[in-house]
Amino acid sequence: EDQVTQSPEALRLQEGESSSLNCSYTVSGLRGLFWYRQDPGKGPEFLFTLYSAGEEKEKERLKATLTKKESFLHITAPKPEDSATYLCAGDYNQGGKLIFGQGTELSVKP
Amino acid sequence: GAVVSQHPSWVICKSGTSVKIECRSLDFQATTMFWYRQFPKQSLMLMATSNEGSKATYEQGVEKDKFLINHASLTLSTLTVTSAHPEDSSFYICSATSARMNTEAFFGQGTRLTVV
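From first to last, the protein sequence lines are chains Z and B.
Following the numbering used here, the residues of the first sequence are numbered contiguously, the last one being 114.
Following the numbering used here, the residues of the second sequence are numbered contiguously, the last one being 149.
Errors might be hidden in some of the hints.
To be verified - List of simulated lysine to aspartate or glutamate pairs, DMTMM-like, C-alpha gap at most 25 Å:
1. B:Lys47 - Z:Asp86
2. B:Lys88 - Z:Glu85
3. Z:Lys67 - B:Glu92
4. Z:Lys73 - Z:Glu19
5. B:Lys47 - B:Glu96
6. Z:Lys72 - Z:Glu85
7. B:Lys47 - B:Asp98
8. B:Lys74 - Z:Glu60
9. Z:Lys63 - Z:Glu5
10. Z:Lys63 - B:Glu85
11. B:Lys97 - Z:Glu109
12. B:Lys74 - Z:Asp86
13. B:Lys74 - Z:Glu5
14. B:Lys47 - B:Glu85
15. B:Lys74 - B:Asp121
16. Z:Lys46 - B:Glu55
17. Z:Lys63 - B:Glu55
18. B:Lys74 - Z:Glu85
19. B:Lys53 - Z:Asp43
20. Z:Lys72 - B:Glu55
21. Z:Lys67 - Z:Glu5
22. Z:Lys83 - Z:Asp43
23. Z:Lys72 - Z:Glu19
24. B:Lys74 - Z:Glu59
25. B:Lys53 - Z:Glu49
26. Z:Lys113 - Z:Glu5
27. Z:Lys63 - B:Asp98
28. Z:Lys72 - Z:Glu60
29. Z:Lys73 - Z:Glu85
30. B:Lys74 - Z:Asp6
31. Z:Lys72 - Z:Asp43
32. B:Lys97 - Z:Glu5
33. B:Lys74 - Z:Glu19
34. Z:Lys46 - Z:Glu5
35. Z:Lys46 - Z:Glu59
36. B:Lys97 - B:Glu85
37. B:Lys99 - B:Glu85
38. Z:Lys83 - Z:Glu19
39. B:Lys74 - Z:Glu109
40. Z:Lys46 - Z:Glu109
These aren't lab readings, by the way, just hints derived from the structure by calculation.
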């Protein structure tokens, strides 16, 4: 069974304190690894897609990287507005169906 | 990115009644739409996959007679929760994609269903 596991479940940071979120995944059959941001009561907002080991993508204070068995979402000098739940999901070539991790709830305090 | 609109954003209904939720792709043709359910503090659980013009494929454990899915056009899919009960209260989210979008799926804003 394909699995996507995120850690930590929750992360509290001070404004400006950089950190990383982890997403480990079942390697066999992975076609793409997605990162989403979800605010309370909202649908997920697309951030990045990564397709091959070594790939990196950046957007403002966020950088996503992919290795052969896990992905990291690095947050540099976070601000309170970065507070949200970050979800990663794997595409295992099942007609577009995504397997989601349980999410990391990020809280950034001023 | 592409826009997916879900309606309503929230709904309260009485036990035993049915509720319809709409999911529209506003600026692209969605060959496939997905319906997810999310409980508080939990991740998204796929309920069903809907391809335009064909019957939906339901995940194991999801009652297809209770959660009716229709995908009659390339821009609209509907989820009807029939004979709703309080345990059906949840956050329902749709996503849409097409072959041109390289598997990137875009999500609606979600529908908060409360059954009283």
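Comparing the hints with the structure gives:
| no. | hint | in the structure |
| --- | --- | --- |
| 1 | B:Lys47 - Z:Asp86 | violated (37 Å) |
| 2 | B:Lys88 - Z:Glu85 | violated (41 Å) |
| 3 | Z:Lys67 - B:Glu92 | violated (33 Å) |
| 4 | Z:Lys73 - Z:Glu19 | violated (30 Å) |
| 5 | B:Lys47 - B:Glu96 | holds (20 Å) |
| 6 | Z:Lys72 - Z:Glu85 | violated (31 Å) |
| 7 | B:Lys47 - B:Asp98 | holds (19 Å) |
| 8 | B:Lys74 - Z:Glu60 | violated (29 Å) |
| 9 | Z:Lys63 - Z:Glu5 | violated (32 Å) |
| 10 | Z:Lys63 - B:Glu85 | violated (33 Å) |
| 11 | B:Lys97 - Z:Glu109 | violated (32 Å) |
| 12 | B:Lys74 - Z:Asp86 | holds (18 Å) |
| 13 | B:Lys74 - Z:Glu5 | holds (23 Å) |
| 14 | B:Lys47 - B:Glu85 | violated (31 Å) |
| 15 | B:Lys74 - B:Asp121 | holds (16 Å) |
| 16 | Z:Lys46 - B:Glu55 | holds (16 Å) |
| 17 | Z:Lys63 - B:Glu55 | violated (31 Å) |
| 18 | B:Lys74 - Z:Glu85 | holds (19 Å) |
| 19 | B:Lys53 - Z:Asp43 | holds (24 Å) |
| 20 | Z:Lys72 - B:Glu55 | violated (39 Å) |
| 21 | Z:Lys67 - Z:Glu5 | violated (28 Å) |
| 22 | Z:Lys83 - Z:Asp43 | holds (15 Å) |
| 23 | Z:Lys72 - Z:Glu19 | violated (31 Å) |
| 24 | B:Lys74 - Z:Glu59 | violated (30 Å) |
| 25 | B:Lys53 - Z:Glu49 | holds (24 Å) |
| 26 | Z:Lys113 - Z:Glu5 | violated (38 Å) |
| 27 | Z:Lys63 - B:Asp98 | violated (43 Å) |
| 28 | Z:Lys72 - Z:Glu60 | holds (13 Å) |
| 29 | Z:Lys73 - Z:Glu85 | violated (30 Å) |
| 30 | B:Lys74 - Z:Asp6 | holds (21 Å) |
| 31 | Z:Lys72 - Z:Asp43 | violated (29 Å) |
| 32 | B:Lys97 - Z:Glu5 | holds (23 Å) |
| 33 | B:Lys74 - Z:Glu19 | holds (23 Å) |
| 34 | Z:Lys46 - Z:Glu5 | violated (28 Å) |
| 35 | Z:Lys46 - Z:Glu59 | violated (28 Å) |
| 36 | B:Lys97 - B:Glu85 | holds (17 Å) |
| 37 | B:Lys99 - B:Glu85 | holds (20 Å) |
| 38 | Z:Lys83 - Z:Glu19 | holds (5 Å) |
| 39 | B:Lys74 - Z:Glu109 | holds (9 Å) |
| 40 | Z:Lys46 - Z:Glu109 | holds (14 Å) |
In this structure, the hints that do not hold are numbers 1, 2, 3, 4, 6, 8, 9, 10, 11, 14, 17, 20, 21, 23, 24, 26, 27, 29, 31, 34, 35, in rising order.
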